[in-house]
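Listed below are the residues making up each chain.
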Amino acid sequence: MAERFPESLVGAIIAFEGVEGSITAMNGPTGCKYYPASLSEAVTRRGGFNPMLHDSLFYLGQSRVPCTYMDSSDYVAGARERMRALWDDSRRRRPSLLALINSPGASLIGEMLSFEGEAPPTVTMESPPPSASFSFGYGTAMVSVLEGLAPSPASPREMAVNLLGVSVADLGWEDSIADLRRLLALCGVEVLCAPGAGWSPGDVQRSAEAALNVAVHDERAAMAAEWYRRNLDIPYLRPPGGAPLGFEALEGWLQDVCQELGADPAPALGRIAACRRRAHREISRLDQYAGLPRGCSFSLEGRPSLVWPALRTLHAYLGMVPVAVNMTEDGPCAADVESYLISIGCADAGTSLLDCPADVVLADGNTVAGALGRGLSDCGVELDHPPLYSVRIREDPLLGLGGTLRLIERSLQGLKR
Amino acid sequence: MRIAVYGKGGIGKSTVSANLTAALGRLGLKVLQIGCDPKHDSTRLLLGGREPPTVMEMVRSSRREEMSLDSVVSQGYLGCLCVEAGGPEPGVGCAGRGILSTFELLADLGVESLDADITVYDVLGDVVCGGFAVPLRNDYAEKVYVVSSGEYMSIYAANNILRGVRNYDPGRMAGIVFNSRGDPEERGRVQRFAAAVGLPVVAEIPRSPRFLEAERSGRTVVECDPGSELAEIFFRLARNVTGGPVVEASPLSDEELERVVLGKSPPPPLSPRPEREAAPERRPEAPPAYSSRNVERKELLHGCAFTGAVVTCLSVEGLQTVMHSPDSCAHLSCQMAQNAARRAFVKEGVAIPSFLSPSAHCSSLDDPAMVFGGRPRLEDALHRALDRGSDVALVSSCPSGIIGDDVEAAARAVSASRPGGRVIVMLEDGNAAGDHMQGVIDACMALAAALIDPSVDPEDGMVNVVGIKPIATNNEKNMSYAASLLEGLGMSINCRFIGGTDVAAIEGFHRAGHSILANTDRFALMLSRYLRKEHGADVLRSPLAPGLKGTVEWLRELAAAAGREGAAEETAERLRQEYEAALPPLRQELEGKKACIISMHKDIDWLIDTIDDLGIELLSAAVVDRSDHLMDYHVGNRHAQRIEFLEDYDIREVAAEALALGPDMLLSTYPVSTDGSVLQETIPMVPDIGHLAPLELARRWALGLKAPRNEGWREDHG
Numbered sequence: 001m002a003e004r005f006p007e008s009l010v011g012a013i014i015a016f017e018g019v020e021g022s023i024t025a026m027n028g029p030t031g032c033k034y035y036p037a038s039l040s041e042a043v044t045r046r047g048g049f050n051p052m053l054h055d056s057l058f059y060l061g062q063s064r065v066p067c068t069y070m071d072s073s074d075y076v077a078g079a080r081e082r083m084r085a086l087w088d089d090s091r092r093r094r095p096s097l098l099a100l101i102n103s104p105g106a107s108l109i110g111e112m113l114s115f116e117g118e119a120p121p122t123v124t125m126e127s128p129p130p131s132a133s134f135s136f137g138y139g140t141a142m143v144s145v146l147e148g149l150a151p152s153p154a155s156p157r158e159m160a161v162n163l164l165g166v167s168v169a170d171l172g173w174e175d176s177i178a179d180l181r182r183l184l185a186l187c188g189v190e191v192l193c194a195p196g197a198g199w200s201p202g203d204v205q206r207s208a209e210a211a212l213n214v215a216v217h218d219e220r221a222a223m224a225a226e227w228y229r230r231n232l233d234i235p236y237l238r239p240p241g242g243a244p245l246g247f248e249a250l251e252g253w254l255q256d257v258c259q260e261l262g263a264d265p266a267p268a269l270g271r272i273a274a275c276r277r278r279a280h281r282e283i284s285r286l287d288q289y290a291g292l293p294r295g296c297s298f299s300l301e302g303r304p305s306l307v308w309p310a311l312r313t314l315h316a317y318l319g320m321v322p323v324a325v326n327m328t329e330d331g332p333c334a335a336d337v338e339s340y341l342i343s344i345g346c347a348d349a350g351t352s353l354l355d356c357p358a359d360v361v362l363a364d365g366n367t368v369a370g371a372l373g374r375g376l377s378d379c380g381v382e383l384d385h386p387p388l389y390s391v392r393i394r395e396d397p398l399l400g401l402g403g404t405l406r407l408i409e410r411s412l413q414g415l416k417r
Numbered sequence: 001m002r003i004a005v006y007g008k009g010g011i012g013k014s015t016v017s018a019n020l021t022a023a024l025g026r027l028g029l030k031v032l033q034i035g036c037d038p039k040h041d042s043t044r045l046l047l048g049g050r051e052p053p054t055v056m057e058m059v060r061s062s063r064r065e066e067m068s069l070d071s072v073v074s075q076g077y078l079g080c081l082c083v084e085a086g087g088p089e090p091g092v093g094c095a096g097r098g099i100l101s102t103f104e105l106l107a108d109l110g111v112e113s114l115d116a117d118i119t120v121y122d123v124l125g126d127v128v129c130g131g132f133a134v135p136l137r138n139d140y141a142e143k144v145y146v147v148s149s150g151e152y153m154s155i156y157a158a159n160n161i162l163r164g165v166r167n168y169d170p171g172r173m174a175g176i177v178f179n180s181r182g183d184p185e186e187r188g189r190v191q192r193f194a195a196a197v198g199l200p201v202v203a204e205i206p207r208s209p210r211f212l213e214a215e216r217s218g219r220t221v222v223e224c225d226p227g228s229e230l231a232e233i234f235f236r237l238a239r240n241v242t243g244g245p246v247v248e249a250s251p252l253s254d255e256e257l258e259r260v261v262l263g264k265s266p267p268p269p270l271s272p273r274p275e276r277e278a279a280p281e282r283r284p285e286a287p288p289a290y291s292s293r294n295v296e297r298k299e300l301l302h303g304c305a306f307t308g309a310v311v312t313c314l315s316v317e318g319l320q321t322v323m324h325s326p327d328s329c330a331h332l333s334c335q336m337a338q339n340a341a342r343r344a345f346v347k348e349g350v351a352i353p354s355f356l357s358p359s360a361h362c363s364s365l366d367d368p369a370m371v372f373g374g375r376p377r378l379e380d381a382l383h384r385a386l387d388r389g390s391d392v393a394l395v396s397s398c399p400s401g402i403i404g405d406d407v408e409a410a411a412r413a414v415s416a417s418r419p420g421g422r423v424i425v426m427l428e429d430g431n432a433a434g435d436h437m438q439g440v441i442d443a444c445m446a447l448a449a450a451l452i453d454p455s456v457d458p459e460d461g462m463v464n465v466v467g468i469k470p471i472a473t474n475n476e477k478n479m480s481y482a483a484s485l486l487e488g489l490g491m492s493i494n495c496r497f498i499g500g501t502d503v504a505a506i507e508g509f510h511r512a513g514h515s516i517l518a519n520t521d522r523f524a525l526m527l528s529r530y531l532r533k534e535h536g537a538d539v540l541r542s543p544l545a546p547g548l549k550g551t552v553e554w555l556r557e558l559a560a561a562a563g564r565e566g567a568a569e570e571t572a573e574r575l576r577q578e579y580e581a582a583l584p585p586l587r588q589e590l591e592g593k594k595a596c597i598i599s600m601h602k603d604i605d606w607l608i609d610t611i612d613d614l615g616i617e618l619l620s621a622a623v624v625d626r627s628d629h630l631m632d633y634h635v636g637n638r639h640a641q642r643i644e645f646l647e648d649y650d651i652r653e654v655a656a657e658a659l660a661l662g663p664d665m666l667l668s669t670y671p672v673s674t675d676g677s678v679l680q681e682t683i684p685m686v687p688d689i690g691h692l693a694p695l696e697l698a699r700r701w702a703l704g705l706k707a708p709r710n711e712g713w714r715e716d717h718g
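Sequence order for the protein chains is A and B. My numbering numbers the first residue of the first sequence as 1 and each following residue consecutively. My numbering numbers the first residue of the second sequence as 1 and each following residue consecutively.
Heads up, some of the hints might be wrong.
Distance ranges between label pairs, derived from CB positions [as the list claims (entries may be wrong)]: (1) ILE342/A x GLU487/B: 51 to 57 angstroms; (2) SER56/A x TYR152/B: 46 to 52 angstroms; (3) GLY349/B x ILE342/A: 35 to 41 angstroms; (4) ALA504/B x GLU147/A: 51 to 57 angstroms; (5) SER390/A x GLU565/B: 25 to 31 angstroms; (6) GLU317/B x SER200/A: 33 to 39 angstroms.
Chain B residues, not near chain A, derived (Cβ > 10 angstroms throughout) [stated by the list, open to error]: (7) LEU69; (8) ARG97; (9) GLY110; (10) LEU114; (11) GLY171; (12) SER390; (13) GLU408; (14) TYR481; (15) GLY563.
Think of the hints as simulated: they come from the structure by calculation, not from any bench. Just so it is clear, the structure is predicted and the values come from calculations on it, not from any experiment. Yeah, the Cβ is synthetic: ideal placement off N, Cα and C, and Gly gets one too.
The whole structure should be built from the sequences, with the hints applied where relevant.
The following block contains the structure:
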């Protein structure tokens with residue numbers, strides 16, 4: 001069994017890469033650059049790996065996250081001059097935001113990342129948090145983006161919200177935002193932007209006009225939400241059901257947002273009700289034919305804001321039973337998950353998905369592949385990056401109404417008696 | 001206002017700082033003094049001899065939400081505020097990191113909100129790393145004072161500090177505080193130095209027993225005897241702080257310093273000194289005997305040895321891998337293994353159990369561990385790993401190397417306490433040992449040295465495969481093909497070294513009397529050299545290869561070594577017949593077509609053989625040198641005269657030249673042009689082996705030639 005490794009460095013880089021038109025330049029060795037760069041390429045579709053086409057010095061075959069390729073002598077003498085050259089190269093590319101970040105090793109020797117000279121808006125992270133969660137790295141970087149781009153206070157627009165806590169590393173992030181945006185639009189609520197997930201510097205400024213910040217993934221939303229509250233007096237709503245996934249959590253999420261703004265959730269709830277009937281038709285077929293899905297087992301892994309609504313959907317809505325539940329980091333929903341497991345008599349559910357057979361395994365694509373490859377399950381549903389299959393053309397949200405139907409449909413797909 | 005007081009350890013800078021703070025206080029100013037020295041005694045004389053809790057102690061013992069300024073800010077003489085950074089015990093951890101962390105944490109906790117007119121940073125000046133330079137940064141000290149006696153090493157340290165200031169905003173030097181040791185010559189030395197660097201001596205503090213007396217009572221001279229001449233020196237210094245000018249100093253070279261301070265003429269240099277370049281050459285020492293290309297040639301390092309070693313270890317079933325690193329390094333390495341497993345599962349339908357569920361453990365180095373040393377966390381991770389299995393590989397990361405953790409001692413201590421446990425140490429220190437490939441080589445050698453049992457006797461019919469790339473997705477396919485041919489010889493694979501193997505198979509390496517190389521690259525070459533020299537292995541020269549010729553070559557060489565020539569000839573004939581039978585339909589489709597090759601692989605004989613056999617006209621073949629891909633080993637290159645080997649090139653020009661020849665298809669390691677008018681087919685990074693494997697590729701070429709050159713999707717951009 002692998003220990004779970006949080007990923008604060010990747011979290012920070014992904015927050016920077018989530019700004020449209022940005023460049024994240026790393027002062028560090030290539031070993032710290034390759035994976036975050038390839039992740040960024042994969043999730044934002046901004047270029048790909050081709051050492052023959054992306055052969056410029058700092059980029060090393062990739063289209064994202066140039067670096068200073070530090071080596072052991074640089075840990076003695078520093079790499080300031082090379083970092084200056086990278087800064088110069090980066091600013092000449094005129095990014096919307098230039099984010100400069102030290103690798104853990106570079107931060108240990110105290111490399112300074114500020115330079116004198118004309119440059120695009122720049123943020124620096126000289127000491128990225130080591131050995132912390134993705135959410136902590138992400139949140140820390142989000143705060144530095146907000147401080148660097150400093151949206152000015154603005155009069156709130158009555159029915160306008162920002163969606164907080166979505167990152168470009170979330171599976172189907174664009175589609176999830178679009179799905180939620182459509183549902184909220186039915187209620188007369190406008191989504192100004194999703195800070196951190198494909199937002200532009202213009203969006204950063206516009207985000208100050210929101211009447212409300214709404215958590216999508218609360219563990220990633222909290223630090224930015226606090227910044228908005230403290231600096232721009234924008235209130236923050238954290239719906240208690242976790243991310244808007246599954247009929248119950250989605251309805252609750254929409255009702256909470258509408259209640260806070262004085263909007264009418266009925267049109268969106270009507271749309272959801274129609275989908276509930278559609279799902280009912282399909283599930284009742286399975287029920288009548290084979291008594292499915294009641295009593296089928298599932299194992300589930302992810303951050304708490306995803307695990308919490310997915311757990312309720314699979315257990316309370318579909319009648320399936322958890323045999324392993326693992327939360328990859330801490331978050332406000334973690335306690336809810338634990339209490340729920342106790343309340344349904346599943347406190348003994350294991351935490352390792354790769355030790356436990358299950359009818360359906362729901363996790364990131366690598367863990368799903370691990371479970372399928374070891375013969376622990378015949379059916380996998382990806383809840384986090386990477387996906388099993390990398391080509392994505394159809395709209396395929398993880399969250400919202402489309403995400404809810406995806407979760408139900410794909411969980412049922414592999415069930416058998 | 002913020003000032004920094006720098007000086008060599010033991011020179012009296014803390015005494016000067018504390019008296020200065022006391023004097024500033026008596027002038028009516030509110031002062032915050034921050035001691036930036038691991039021995040944390042900067043503010044003791046302001047606190048009646050008490051030593052306050054340090055910031056680093058708080059970091060080590062408290063959760064973030066429990067930390068507050070109140071816990072580390074003490075009030076001292078005349079209400080001055082005192083903070084001590086603290087740091088690790090001598091010999092462990094990283095004191096510079098401690099200073100960095102202190103400044104970051106104090107900023108987070110809102111040190112700016114403290115009611116202070118002046119902040120005095122009292123900083124150890126012997127150490128000139130980035131951590132101790134934080135107060136020199138532009139957003140910290142506006143004025144810098146250097147405390148020095150007239151001893152040469154003290155002045156040497158002062159000069160180093162001036163060099164440090166020059167790296168930031170140099171125009172912030174306020175002057176030298178001359179703290180006399182009583183040597184009659186020293187005033188002259190300090191004055192000559194001050195004049196040479198262009199700094200004023202802003203204070204001269206005589207040697208006096210009054211300092212010791214005041215110190216015994218836990219107080220400053222200013223507090224004990226504010227009307228004294230000694231105190232007056234500090235009042236004058238305090239006035240300089242509030243109103244004195246700043247200048248830019250001109251630090252001296254070492255030779256100049258000796259001449260100015262000691263009056264010595266430097267001896268002629270033993271040999272000409274090379275000019276210091278902006279990017280210093282890596283590792284001056286000789287490369288290891290078994291090195292990657294990047295390491296041997298001192299090139300830019302692609303990836304890090306840490307990840308290479310970790311991924312290699314993770315590929316061994318039954319081996320627990322401990323990473324002495326921050327979680328980030330562990331995550332990046334495990335992702336590489338797990339991504340490879342996912343790709344193999346999705347694309348090849350093959351499970352790689354050791355990668356699907358890596359047996360990995362991390363010491364999770366965090367800020368406190370990097371300041372105070374990470375050995376306790378490492379030992380904890382080693383115990384966790386040994387709870388799960390008796391064989392543990394331990395790989396060190398950059399941070400571990402930078403803070404100087406004694407990884408081997410930790411491994412010894414844990415092994416000694418766990419009878420039967422075996423810890424195999426790989427001191428990669430991130431990329432200090434080299435690039436990713438060096439890590440792979442190092443790990444293979446370390447595992448071989450630790451695990452291969454020399455007492456095992458060879459068994460008839462067994463063969464090892466050496467130099468497998470664990471993250472290649474077609475390993476299982478290739479091994480399955482090799483096994484099927486070996487079966488024809490009445491032989492089977494003993495140990496796959498290393499990739500898809502387990503501890504027991506490595507221990508029993510000598511059960512096989514012969515080993516075959518999995519490929520022709522430098523990695524395989526280094527391993528074969530090592531295994532021959534250190535383990536007496538008989539590694540055959542012909543590798544597993546794509547194509548009929550290569551396949552028959554290794555088959556015959558192995559058969560000759562194992563005395564099974566007859567069976568090999570039968571198999572070779574069968575392979576030839578199968579190959580001949582597969583050729584005609586492809587030849588019909590491809591004969592007369594024109595091709596160009598641009599390869600990052602040096603070994604393309606098999607590709608040219610295939611092109612020739614299919615009657616394709618080869619217009620050009622270029623092998624482009626890349627530090628991250630091309631292997632600088634000797635490959636026979638039967639077709640060498642038809643290949644252009646390019647070391648200095650522009651890939652766009654190479655591609656344009658090839659395209660100008662008008663090929664029907666361009667075969668390259670990666671697409672080299674975004675122009676869709678020519679068929680671009682890729683040459684796999686790790687090609688499938690076997691007599692028919694190149695024809696499988698050719699089948700793709702034939703299909704590709706039937707595809708339109710201007711597909712509809714190309715019109716939909718933007």
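Task: chain A versus ARG97/B - minimum CB to CB distance exceeding 10 angstroms, so not interface - done: Non-interface label on ARG97/B violated, nearest chain A Cβ at 5 angstroms vs cutoff 10 angstroms.
Task: Hint check for GLU147/A and ALA504/B - Cβ pair distance inside 51 to 57 angstroms - done: Hint holds: Cβ distance 56 angstroms, inside 51 to 57 angstroms.
Task: Cβ separation of GLU317/B and SER200/A, checked against the hinted range 33 to 39 angstroms - done: Violated, at about 48 angstroms.
TODO: Report holds if the minimum CB distance from LEU114/B to chain A is greater than 10 angstroms, and violated otherwise.
DONE: Given a closest Cβ separation of 20 angstroms, the condition holds.
- [ ] May I ask you to check that GLY110/B keeps its beta-carbon over 10 angstroms from the closest beta-carbon of chain A?
- [x] 12 angstroms, holds
Task: Cβ separation of SER56/A and TYR152/B, checked against the hinted range 46 to 52 angstroms - done: Because 48 angstroms falls inside the window, the suggested range holds.
Open item on the list: Is the claim that GLY563/B lies outside the interface with chain A correct, judged by CB distances over 10 angstroms?
Closed with: The claim stands: GLY563/B keeps its Cβ more than 10 angstroms from every Cβ of chain A (closest is about 40 angstroms).
- [ ] Confirm or reject the claim that SER390/A and GLU565/B have a C-beta distance inside 25 to 31 angstroms.
- [x] Since the Cβ atoms of SER390/A and GLU565/B sit about 47 angstroms apart, the hinted range of 25 to 31 angstroms is violated.
Open item on the list: Can you tell me whether the CB distance of GLY349/B to ILE342/A sits inside 35 to 41 angstroms?
Closed with: Distance hint for GLY349/B, ILE342/A holds at roughly 40 angstroms.
Open item on the list: Is the claim that GLU408/B lies outside the interface with chain A correct, judged by CB distances over 10 angstroms?
Closed with: 18 angstroms, holds
Open item on the list: Is the claim that SER390/B lies outside the interface with chain A correct, judged by CB distances over 10 angstroms?
Closed with: Since the minimum Cβ distance to chain A is about 17 angstroms, SER390/B lies beyond 10 angstroms and the statement holds.
Task: Assertion that LEU69/B lies farther than 10 angstroms from chain A (Cβ) - done: It holds; LEU69/B is separated from chain A by about 18 angstroms at its closest Cβ, greater than 10 angstroms.
In this structure, the hints that do not hold are numbers 5, 6, 8, in rising order.
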